[in-house]
Amino acid sequence: MEHTKIRNMEEFASISGLSRPTVSKYFHDPSSVRATTRARIEAALEKYDYRPNIFAMNQNRKLTKNVGILVPYLADPFFAEIARNIEQRCIDAGYSPTLYSSHGDPALEIEILENLRALKPAGALIAPLGRISDSSAVAAFCDDVPTVLFDSNLPDVGLAFIGSDNPQFSMVMVEYLSRTGEPPCFFEMKDPANPNANKRRQGYLDAMAKLGFEPSIVKVDGQGWSFEEIGRAGGIQTLEAGGFATNTILCSNDRLAIGLLAACYEKGLRVGREAGSDLRVAGQDDHPFSRFTCPSLTTIAQDYEAVSRRAVRTLFDVVESGEQTRPHETVLYEGKLIMRQSA
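Take 1 as the starting number for the sequence shown in my numbering and just add one per residue.
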């Protein structure tokens, strides 16, 4: 046995050559780590005679193994996919996630947070509704429960915001569409449910200005989360009125683009990049269904893996270290151009 003084779990992890979360998982549940890792930790425990005071740690922090995950609309396959990814990472880290949907309702969002607070969770990962959220109520929850925000940001709320660089999405797509054909119009809802739409519009405007093109924004009526129907109805109305200034249309998100593709089909218009096509249509998000549309949809892919991995790691680093304060951080991941048949 060595007499090196190990003061905390951080030092034990370092001297053992293992990560802090892995060591913490072992102390909470030895069976949650691999047998080889367990043997390595137990050998280090024998060598350094280190025993963490898990009881005191849990009492001081009222730590449970529960984690809340909240998204705006679980019926949206985009949120279902990123929630699934986050949920699995929580399970892999030895926690018990519970998934909630606010269904686009700010009152329900706060009710869920109040109920979650009563469970004394270890932490929470939430995608707030954004501009229609009760920001002060969300911030109050985050003051009580370690929380990381993802997808939609409320400035300086929570430990961190982990999301996508939405202006970059539009800028990359505008550059591609302008290089390969006519510069695009921008197709969006007048009152978008997701605040990321505003950032994407600004990215479009900035890109068009940079390239020296006149922007053209088409706003269609519709509220809520029925994006496909809003895109279809608004698309038909705009097509009939000759409202698209060019033959290239960049949609604020893939679900609107899917609706617009349906509108084009109903009006007998051919969408694609081949000679003889009437229009080119592109979206943003790489929605799980976008590769199965007809034609398949050109889009910008969000990095689901990077966002979920960083969000979960950020939360558990704080939860397991017992930090009381930490500077708020914002981490944005760029999107990747996915070229398919629609543009």
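Because the hints were derived from the structure by calculation, they are not lab data.
Note that CB positions come from ideal geometry on N, CA and C, so glycine has one too.
Certain hints may be false.
Said to hold, decoys possible - Simulated restraints on C-beta separations:
| # | residue 1 | residue 2 | range |
| --- | --- | --- | --- |
| 1 | D156 | L119 | 23 to 33 Å |
| 2 | N115 | S136 | 17 to 27 Å |
| 3 | S31 | I217 | 49 to 59 Å |
| 4 | A140 | E10 | 28 to 38 Å |
| 5 | G242 | A139 | 40 to 50 Å |
| 6 | I91 | R38 | 11 to 21 Å |
Evaluation of the provided hints:
| no. | hint | verdict |
| --- | --- | --- |
| 1 | D156 with L119: 23 to 33 Å | 25 Å, holds |
| 2 | N115 with S136: 17 to 27 Å | 18 Å, holds |
| 3 | S31 with I217: 49 to 59 Å | 56 Å, holds |
| 4 | A140 with E10: 28 to 38 Å | 30 Å, holds |
| 5 | G242 with A139: 40 to 50 Å | 47 Å, holds |
| 6 | I91 with R38: 11 to 21 Å | 18 Å, holds |
When the structure is compared with the earlier hints, no violation turns up for any of them.
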